[in-house]
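A.B. asks: Now for the letters of each chain:
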Amino acid sequence: MSETAGEAKPEVKQASKEVKESENVAEKYSAMTVSKNSDINMGELASVFSAVPSHKPVKKQIQFVEEKQEFSRFPTKTGRRSLSRSISQSSTDSYSSAASYTDSSDDETSPRDKTQINSKGSSDFCVKNIKQAEFGRREIEIAEQDMSALISLRKRAQSEKPLAGAKVVGCTHITAQTAVLIETLVALGAQCRWTACNIYSTQNEVATALAEKGVAVFAWKGESEDDFWWCIDRCVNTEGWQPNMILDDGGDLTHWVYKKYPNVFKKIRGIVEESVTGVHRLYQLSKAGKLCVPAMNVNDSVTKQKFDNLYCCRESILDGLKRTTDVMFGGKQVVVCGYGEVGKGCSAALKALGAVVYVTEIDPICALQACMDGFRVVKLNEVIRLVDVIITCTGNKNVVTRDQLDRMKNGCIVCNMGHSNTEIDVASLRTPELTWERVRSQVDHVIWPDGKRVILLAEGRLLNLSCSTVPTFVLSITATTQALALIELYNAPEGRYKQDVYLLPKKMDEYVASLHLATFDAHLTELTDEQAKYLGLNKNGPFKPNYYRY
Amino acid sequence: MSKEKSQIGSSWEDLAFPEEIPEPFTEGRAEQEDEEEEDTAANDSEEDVEEGPEKFRPKLLRMLEAAESRWTPQTRDRRRGEPSETGLKDSEEEAVKTNMQIQLNDQQEFNKLPTKAGPRPLSLPVSQSSVDSFSSVGSESSEDESAPQDKPQKTSSGLSDFCIKNIKQAAFGREEIDIAQQGMPALMILRKRAGEEKPLAGAKVVGCTHITAQTAVLIETLAALGAQCRWAACNIFSTQNTVAAALAEGGISVFAWRGESEEDFWWCIDRCVAADSWEPNLILDDGGDLTHWIYKKYPGLFKKLKGIVEESVTGIYRLYQLSKAGKLCVPAMNVNDSVTKQKFDNLYCCKESILDGLKRATNVMFGGKQVVVCGYGEVGKGCCAALKGLGAIIYVTEVDPICAIQACMDGLRVTTLSEIIKHVHMVITCTGNKNVITREHFDRMRSGCIVCNMGHSNTEIDLASLRTAELKWSRVRPHVDHIIWPDGRRIILLAEGRLLNLSCSTVPSFVLSVTAATQALALIELYNAPAGRYKQDVYLLPKKMDEYVASLHLPMFDAHLTELTDEQAQYLGISKHGPFKLNYYR
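Just so you know, the protein sequences line up as chains A and B, in that order.
Numbered by my numbering, the letters in the first sequence go through residues 1 to 550 in order.
Numbered by my numbering, the letters in the second sequence go through residues 1001 to 1586 in order.
Just so you know, the hints here were simulated from the structure itself, not pulled from any lab data.
One or more of the hints may lead you astray.
Cβ-Cβ distance ranges computed for the label pairs, FRET-style [as the list claims (entries may be wrong)]:
1) A:Ala492 x B:Ala1325: 28 to 36 Å
2) A:Lys533 x B:Gly1488: 36 to 44 Å
3) A:Glu494 x B:Ala1275: 50 to 58 Å
4) A:Ala518 x B:Glu1563: 41 to 49 Å
5) B:Arg1489 x A:Glu530: 25 to 33 Å
6) A:Met328 x B:Gln1570: 46 to 54 Å
7) A:Lys409 x B:Asp1537: 38 to 46 Å
8) B:Gln1570 x A:Ser159: 22 to 30 Å
9) A:Arg112 x B:Glu1563: 39 to 47 Å
10) B:Pro1530 x A:Tyr547: 22 to 30 Å
11) B:Gly1389 x A:Lys533: 54 to 62 Å
12) A:Ala518 x B:Arg1467: 23 to 31 Å
13) A:Gly411 x B:Ala1531: 55 to 63 Å
As a list, the in silico DSS-like pairs of lysine-lysine whose alpha-carbon atoms are at most 30 Å apart [as the list claims (entries may be wrong)]:
14) B:Lys1535 x A:Lys379
15) A:Lys506 x B:Lys1434
16) A:Lys379 x B:Lys1544
To list a few chain B residues with every Cβ distance to chain A over 10 Å, as calculated [said to hold, decoys possible]:
17) Lys1198
18) Arg1271
19) Ala1407
20) Ser1465
21) Ala1550
The beta-carbon is built from N, C-alpha and C at its ideal position, and this holds for glycine as well.
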């Protein structure tokens, strides 16, 4: 067990590290959030939607989108951004012990200059060191244990080979979990060429194991920006191989193909995009009428959203707080800012441990939900003097201000589950009269002149990325959603998808969920023919209208 | 007992009324008691008493009606028994009745169930309604046999453009409305906030809903916001005569009384619509009858219509069909599926009523009991949360994998019914499906297993299969039947498979308030929308209005909403005043 955990962690930590650097991304998010809603076509809702002036959109999205963004797909675009920072930062941090055995230190020559051949004689890849394949294989096998959904997808669909003939070019984090995805695609008949969407996130040994298996992988940890684009180019630009599917995370690959090889789009059946940023880019393209293939937004699928936000945060809030502060929750007064999916998860978890939870909200519907769930809805100023813990999950900026920090009681814990590091006005704490004291990794004591201490976690960055882990199960949901989106796009009859951005069809969403039910030993009830007729449903789904709110 | 029952019941329908009667609204008994006191004072005791029951009847009827179709002759016999019991009890103690009544009433509104029940009950002979055992309560009709149509009546201000049972009851109705206002502060806040703007000035609303104290508050709110209203009842039994009288006295043209015939029903609607020199520009409908009538008889009116607001599932279904056929020529607003209303109708309301209903009916203790909940939609989620809170061990059955995985993540075992049926102490259905529990399942249940339905009409439990010769039914108290197998095993069936929350619990006026506020805002939105915002289609309530409904109810929790700063609003790219979420936000 501990082994697995150990291995999973490095990835996560890594990701969180980069999040740190991604602060500036925040503004970008907000911009994209705004435009996004208008483009999404929600069937019946669409009319309402269009009928209503477009002002409304944005906020929600930001809230959850962003979180998820950072968190499930991590610092998607951060990779490149962080390039501006010195690489050394990423190697400085505390996850060092876990990240050890494929460290860049062992070999200083750039992979681009090395000729390597895998055991089958192929040299169409570029990884750090092909000899590490065995380690990587072990990691992949460990990940497979927790990703039974993909494994069962392999089994269920193997005979059909739904991706036979598909040529997928992919750009994602290259980790043990994505390796399971890639190998699943291969098992379903696809040919894959892969590159990393983040210069730091690649697990070298995993990349190697993939290369050894015959997947053309171009990625190593610690690429330069130049390397990054070179890798992408090598993926797309091969003789005698033209991709017909794109699996992207962050939109870089799509961007590159769009700029450099527009002709490739003639053969492309579709793009599957996972990150908020990438989806935003696609919507912009679509608005401008420049999107010439169908694209699938997997980020907003119901199952994925629930896991990225509600379920994952419900666990990581406790985990993160415990790991960093060892606080005991019973009877503590906690204020949760924001009652969206993340806020609901946090509040539920804390309530279960006996904490007294207050909620602040701006949206009356969410506020009413909080009331009905038994939480006091207050303004932050009303309770700021009383509370022991403050958790922000609004997706907004400056929710906790210096003024409020000044009025907190001694020992108050302040942390952020929301969005980048904008929610807490950390900058306002960097003044001479306040003493900062790092008491342990990710935990700072900010000391006021009168001796009052406020405990700031992860410097206001996302607690769940910084001080907790993302369970493989959640990554499994994402990977399965991606795989099914590829299958859907590849097998859709002509004309089902136009040149637009689509949400994953309900039926596929349901299939993702059903693949994961086995994990819980859950037994789904089947409709009888009579019942299906009574409800006017197909026995095999979809079971709900598109606008259903789960 | 059974003998008594059979003697008493001439027709179950009649009897059924008594059951309903007791249902006071959420506001509760206090109201009813008040009413009764007043009644006696006024010598009008009979009528006043009736009012309580009347409110609820519509729903009951619908339910009964829906249920009727499924009953086998045996069932009917049983039914007869029911009413008699209730009747007896009534005579014995008022309090009990009230409770009972409460149970039945709100279903309709709240679950929207057999929305169309209104017209359907029409098929029952009107006379029946006067026959029944709820006589003490329901004597109204006997006092005055002349049809309201034939009686010229005038309000104190000289108006005669209405048709109700007896204008003299207005004072009592006013009391009721005042009480209802206490439970519906949201509408009162709306009056205050929007009273000056008169957002409905010039609106001519023709409405067809239940006419109860709660809807009266809605109607008067509309009037306070500037609208002219003409109103008819959407159900022949649900009208509270006193309330109708109070509305008429207040100057609103109401055409409704309790116990209309089908002919009366349509006559009332026609009178509402076909007034001289008055053409409606908004329709507020519940069930679609009014819309249907205008569509058939006065298609010319649609030219002036700004929109239709429809509340019931049935009515919405009709509208969507019209829209599909391209025959909908005005915008229509589906208020039933608004977020706030849905949450309250299903999740929050059922979360409370499952416990209340089971406790009232069986006094069961939940801790450690094994319960299987069929269906994990909103209702199922509410039931599970409530039961879990009391320490029950919960299993869930689902057909939809997304809901199933939600159940898993909420710590509930997802299983199939046949795997677990032998072990459970309680079975609760909330699927909206039919025959979820079959005879085969019943045969395998343990003795003492409680079976009830929170879902949809009475189709979920296959009752017909239990009406066989070898099984003995024994009614142990109202809404509770023991079904005894030849080997002595007993199954406890609640409310004969009808909705538990309607039969054995109450619908809080808070929930009705959410519905009424949603309707009012939908009218305002349609009336004030700039030309072209709404085409000839069926719309959901705009998110912003939905948020406003919620915000009107927040003061009751003393909840303080945080306001965005300008900077924050800009950062998020949204307006400070909402809408805060995308339409597809879940």
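A.B. asks: The structure should be examined with respect to each hint, and the outcome stated for every one.
C.D. replies: Results of checking the hints against the structure:
1. The supplied range of 28 to 36 Å is met by Ala492 of chain A and Ala1325 of chain B, whose beta-carbon atoms lie about 30 Å from each other.
2. For Lys533 of chain A and Gly1488 of chain B, the Cβ-Cβ distance of about 37 Å falls inside the hinted range of 36 to 44 Å, so the restraint holds.
3. Hint check: Glu494 of chain A to Ala1275 of chain B, Cβ distance near 57 Å, so the stated range 50 to 58 Å holds.
4. Distance hint check for Ala518 of chain A and Glu1563 of chain B: the Cβ-Cβ separation is about 47 Å, which falls inside the suggested range of 41 to 49 Å.
5. Hint check: Arg1489 of chain B to Glu530 of chain A, Cβ distance near 27 Å, so the stated range 25 to 33 Å holds.
6. Evaluation of the 46 to 54 Å hint for Met328 of chain A and Gln1570 of chain B yields a failure: the beta carbon distance comes to about 40 Å.
7. Take Lys409 of chain A and Asp1537 of chain B: their Cβ atoms lie about 55 Å apart, and the range 38 to 46 Å is violated.
8. Our hint of 22 to 30 Å for Gln1570 of chain B and Ser159 of chain A is violated, since their Cβ atoms are close to 55 Å apart.
9. Roughly 55 Å separates the CB atoms of Arg112 of chain A and Glu1563 of chain B, a value that falls outside the hinted 39 to 47 Å.
10. For Pro1530 of chain B and Tyr547 of chain A, the hinted distance range of 22 to 30 Å is satisfied, since their beta carbons lie about 24 Å from each other.
11. For the hinted restraint 54 to 62 Å between Gly1389 of chain B and Lys533 of chain A, the CB-CB distance of approximately 37 Å leaves it violated.
12. Range check, Ala518 of chain A to Arg1467 of chain B: about 40 Å between beta-carbon atoms, so the 23 to 31 Å window is missed.
13. A C-beta distance of roughly 60 Å is found between Gly411 of chain A and Ala1531 of chain B, which places it inside the suggested range of 55 to 63 Å.
14. With a C-alpha separation of about 40 Å, the suggested pair Lys1535 of chain B and Lys379 of chain A falls outside the 30 Å cut-off, and the hint is violated.
15. About 23 Å separates the Cα atoms of Lys506 of chain A and Lys1434 of chain B, which keeps this hinted pair within 30 Å; it holds.
16. Between Lys379 of chain A and Lys1544 of chain B the CA atoms are separated by roughly 21 Å; this keeps the pair inside 30 Å, and the hint holds.
17. The non-interface label for Lys1198 of chain B is consistent with chain A: the shortest C-beta to C-beta separation is roughly 23 Å, beyond 10 Å.
18. Every CB of chain A is more than 10 Å from the CB of Arg1271 of chain B (nearest about 34 Å), matching its label as outside the interface.
19. Against chain A, the non-interface label of Ala1407 of chain B is violated: not every CB pair exceeds 10 Å, the least being about 8 Å.
20. Interface exclusion of Ser1465 of chain B from chain A stands, the closest Cβ pair being 13 Å apart, more than 10 Å.
21. Distance check on Ala1550 of chain B: its Cβ comes as close as 4 Å (rounded) to a Cβ of chain A, failing to clear the 10 Å threshold; non-interface status is violated.
Violated hints, in rising order: 6, 7, 8, 9, 11, 12, 14, 19 and 21; the structure is consistent with all others.
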